[in-house]
Amino acid sequence: MDSKYKGTLLEKKLENNLLQLKEVFKDSYDIIYRELRLNYHGKIVNLVLVFNSNLVDAQTINENIIKPIIHFNPVKERTIIKQLHLDILKDVIPINGIAQVRDYDKIINAIFSGNSLMIVNGIDEGLLLNTKEWPERSVEEPDAESVVRGSREGFTESISTNTGLIRRKLKDPALKAQQLQAGSRSKTNINVLYMEDIVNKQLLDEVLSALQDIEIDGVFESGYVEQLLEDHPYSPFPQFQITERPDKVCGNLLEGKIALIIDGAPQVLILPTTFFQLFQSPEDYYERTIYGSLTRWIRYLGFFIATSFPAIYVALISFHQQMLPTDLILDLSKTRAQIPFPPVIEALLMELTIELLREASARLPKTIGQIIGIVGAIVIGDAAVSANLVSPVMVIIVAITALGSYVLPQYSTTFPLRFLRFPMILLAASFGAFGIIITWSWIIVHLCSLSSFGYPYLSPLAPISSELTRDAAIRKPLWGFRKRPQSANKKNYNRW
Amino acid sequence: MYRKHTNGEISANQAFIIIISIMIGTGVLGLSRVVSQVSKQDAWISVLINGILISLITMAIVYVASRFPQDNFLQYSSRLLSKPIGYIITISFALYGLLATATIIRFLTEMILTWFLPDTPIYVIIFLIIATSVYMLSHGLTVLARFNEVIIFLLVPLALLVAVGIPEIRLVNLRPIGGTGLKSILSGVVPSFFAFGGYEVMLVYYPYISDKEKPVAKYSMISVIIVTLFYTTTVISQMALFGPEELQRVLYPSINYLRAYDFPIIERMELFFTIFWLFTVLGTIGLQYFAGCSLLQSIFKTKTTGFFVFLQSPILFVLTLLPRNTPQVVEIGGIIGKANIFFGLLLPLLLLIMVFVHGGKSKHEKNS
Chain U
1 MDSKYKGTLL EKKLENNLLQ LKEVFKDSYD IIYRELRLNY HGKIVNLVLV FNSNLVDAQT
61 INENIIKPII HFNPVKERTI IKQLHLDILK DVIPINGIAQ VRDYDKIINA IFSGNSLMIV
121 NGIDEGLLLN TKEWPERSVE EPDAESVVRG SREGFTESIS TNTGLIRRKL KDPALKAQQL
181 QAGSRSKTNI NVLYMEDIVN KQLLDEVLSA LQDIEIDGVF ESGYVEQLLE DHPYSPFPQF
241 QITERPDKVC GNLLEGKIAL IIDGAPQVLI LPTTFFQLFQ SPEDYYERTI YGSLTRWIRY
301 LGFFIATSFP AIYVALISFH QQMLPTDLIL DLSKTRAQIP FPPVIEALLM ELTIELLREA
361 SARLPKTIGQ IIGIVGAIVI GDAAVSANLV SPVMVIIVAI TALGSYVLPQ YSTTFPLRFL
421 RFPMILLAAS FGAFGIIITW SWIIVHLCSL SSFGYPYLSP LAPISSELTR DAAIRKPLWG
481 FRKRPQSANK KNYNRW
Chain X
1001 MYRKHTNGEI SANQAFIIII SIMIGTGVLG LSRVVSQVSK QDAWISVLIN GILISLITMA
1061 IVYVASRFPQ DNFLQYSSRL LSKPIGYIIT ISFALYGLLA TATIIRFLTE MILTWFLPDT
1121 PIYVIIFLII ATSVYMLSHG LTVLARFNEV IIFLLVPLAL LVAVGIPEIR LVNLRPIGGT
1181 GLKSILSGVV PSFFAFGGYE VMLVYYPYIS DKEKPVAKYS MISVIIVTLF YTTTVISQMA
1241 LFGPEELQRV LYPSINYLRA YDFPIIERME LFFTIFWLFT VLGTIGLQYF AGCSLLQSIF
1301 KTKTTGFFVF LQSPILFVLT LLPRNTPQVV EIGGIIGKAN IFFGLLLPLL LLIMVFVHGG
1361 KSKHEKNS
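These protein sequence lines are chains U and X, in that order.
Going by the working numbering, 409 is the number at position 409 of the first sequence; the sequence numbering is gapless.
The number in the working numbering is simply the position in the second sequence, starting from 1, with 1000 added.
Among the clues, some could well be false.
Restricting the straight-line Cα-Cα distance to at most 30 Å, the calculated cross-link-like pairs of lysine-lysine (DSSO-like) are [to be verified]:
#, chain 1, residue 1, chain 2, residue 2
1, X, Lys1212, U, Lys201
2, X, Lys1214, U, Lys491
3, X, Lys1218, U, Lys201
4, U, Lys483, X, Lys1218
5, X, Lys1212, U, Lys490
6, U, Lys483, X, Lys1214
Derived by calculation from the structure, the hints in this document are not laboratory data.
Whole structure, please, built from the sequences with the hints as guidance.
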């Protein structure tokens, strides 16, 4: 939606402009019209400064705009031009960002971004002055993506801070940052960052045109862009990488990826993304190669456990007792003798409880969250077992499953694990091991059919490539990373 | 890489994997019993000879198909054998693909019924298998090839399981090597031929390869050799464990072989084998099914194969339910195996001869 003021221009007469602006900003208390006067070679010239009082720095306005205007003296400035000109004003106002505008559309947008507008009687152009100042959260350690070793910097809500954090780590002019806007009403800025000589041009064009085609009234979080851009919106798997860490973004930029920074969101999107990237943490590269590779495998194991462990338990107990050693199956049946439910009900009950606890503790304030933990420990761990509602083995299974889903470096990537567990338990309860095999086939086929901006999601496993032994199955030593992933521009295949 | 292999194309690497995946299927279970009926303790030599023979046939298939890089199977077979014969062969090939798929699915179902779910109605299992393969194929050959790339890694534990019986084997069972005579060794090639079936789909899949400049013939030969080595070691180890006489009394030696040794934590090792094996067979089913659908697509010239995948699924369902019991399934499997001799041996040879008759040049090359 374009605003109705598109194409409306400033006029020469100050009163008309002021009337028009007051019409635009009607019933908005926070728009200030500061009238000023200027003695210019004996003539009094009227000026008006328009700004939004909540988005500007009052001191800048006082010291750098109003003060020089009031003290303006053409004789002292040695100005001999008789007619007041905007360039003369530009020379006396000590502000870093100054632009000339005529278009109301731009003016409205700029004022709501914290700029001040200066209009002068007799000139059909205005000056936009950069006076932005609003409270910002400082750069803090990202909560959702903490590492033991590595930088503690995390993105904030400010798009300029975020871009700066990345620029500071990559001092290369090839790092380009294009700014686009999305959302017809929110006019949210989106920065598209990429390495010009590494990124795949076709991919970049597609991303840029997809961003320009976004049709929505408001974009308030990176999730909006993610959902509007992804190839398969109904898939449980995330097709973009989300990160709060500048070092992770920089590493991905060097691999030819594109980063999208959305104003107001501390989460930055990285695309295209593959399934195996969900298992990568910046720490893998900071720690030595052996630990980097081993922690990867712990995460793959966690993924498998989080999706299948309860299902395997249900299948073993209800169908394939003969696969377990006799002693173990005797012990298991002893603990299960008092339980009134079949294993599938037991598993579903416990998994649902865990999901409830998880959701409750994620939304509550931190201090109350601890109480939820205690409630969970007592209710699940102890009372349910003493009351013979669930078997102690089931508690162990559920606990290991919950742990397994937390080993992934990104919180939002645990959603597919939580989601896939339930159908798998149901199929395991109906068809035993065969049900688990069928569910896994469906999952694998689904993963094979996914793509992230045209790039196969399961690569480098399917289609198979040498990257599998570089950064997926194992994390090679850093000198083994000379070649870039195939998603990058073919011309710059080597990193150094 | 970007937006490549999306329109049902596969890469040469994927073709390599497809051959391995389709060849290792249901045949591996009873292979050593079937072959040792004929060539006794020298069954492994028969299997090895057969493997060499098949790698040559695969080379011939790739050679024939590579003469016509722009054509699908219907087009180049019509060009070599005249249009009516080309159509007849394509239709019968598609029919064979459907019947072979039905046989494999029924065979798999029998296995699941015996091992996992003795009380579940058979049509439920068949429905689940067919639903899985339809889902697998509905995205086209690219996704199918990728699926096989993933599950090919499950063959590694499957191959490692051969080592399970090593503490128990007695190599004396293999002696005297070559003692059964050349004639019985060579006649043992025939039953082992069926266990290797499936490579003939390369006739259909070669045109889908997008990077034909890669040495596809070499790749396919290597993949056949890998399968041959896997099969030969399987037969050697099973022969060494059971001996030729006892082997005759075991229906599925590959399964019983795994019972030879007791593991500390896992009882019934063969069920684990089955889990890995099931994935492989699902891949085989998908590849065999899609080959038939692709042939039908070339006849009716539709845009996608997905239509035929859905169209054939109810037919497949009914076909799979037709046999009344396991012996009947084995019997039908034998008939399908005979048809395999035509499509796996005679057809490639016939096409190869016709290529030489035509001077080895395709129409396409002549025109340009």
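Self-check item: Lys1214(X) paired with Lys491(U) [C-alpha distance capped at 30 Å]
Solution: holds (21 Å)
Quiz prompt | Pair hint outcome, Lys1218(X) versus Lys201(U) [Cα-Cα no greater than 30 Å] | solution = Given pair Lys1218(X), Lys201(U) is violated - Cα atoms ~35 Å apart, limit 30 Å.
Practice problem: Given the hint that Lys1212(X) pairs with Lys201(U), test it: the Cα-Cα distance must not exceed 30 Å. | Solution: holds (26 Å)
Self-check item: Hint consistency between Lys483(U) and Lys1218(X) [alpha-carbon to alpha-carbon, up to 30 Å]
Solution: holds (27 Å)
Quiz item: Does Lys490(U) lie within 30 Å of Lys1212(X) when you go C-alpha to C-alpha?
Solution: holds (20 Å)
Practice problem: Assess, step by step, whether the Cα of Lys483(U) is no farther than 30 Å from the Cα of Lys1214(X), and give holds or violated. | Solution: With Cα atoms ~21 Å apart, Lys483(U) and Lys1214(X) stay inside 30 Å; holds.
Of the numbered hints given earlier, the model fails hint 3 alone.
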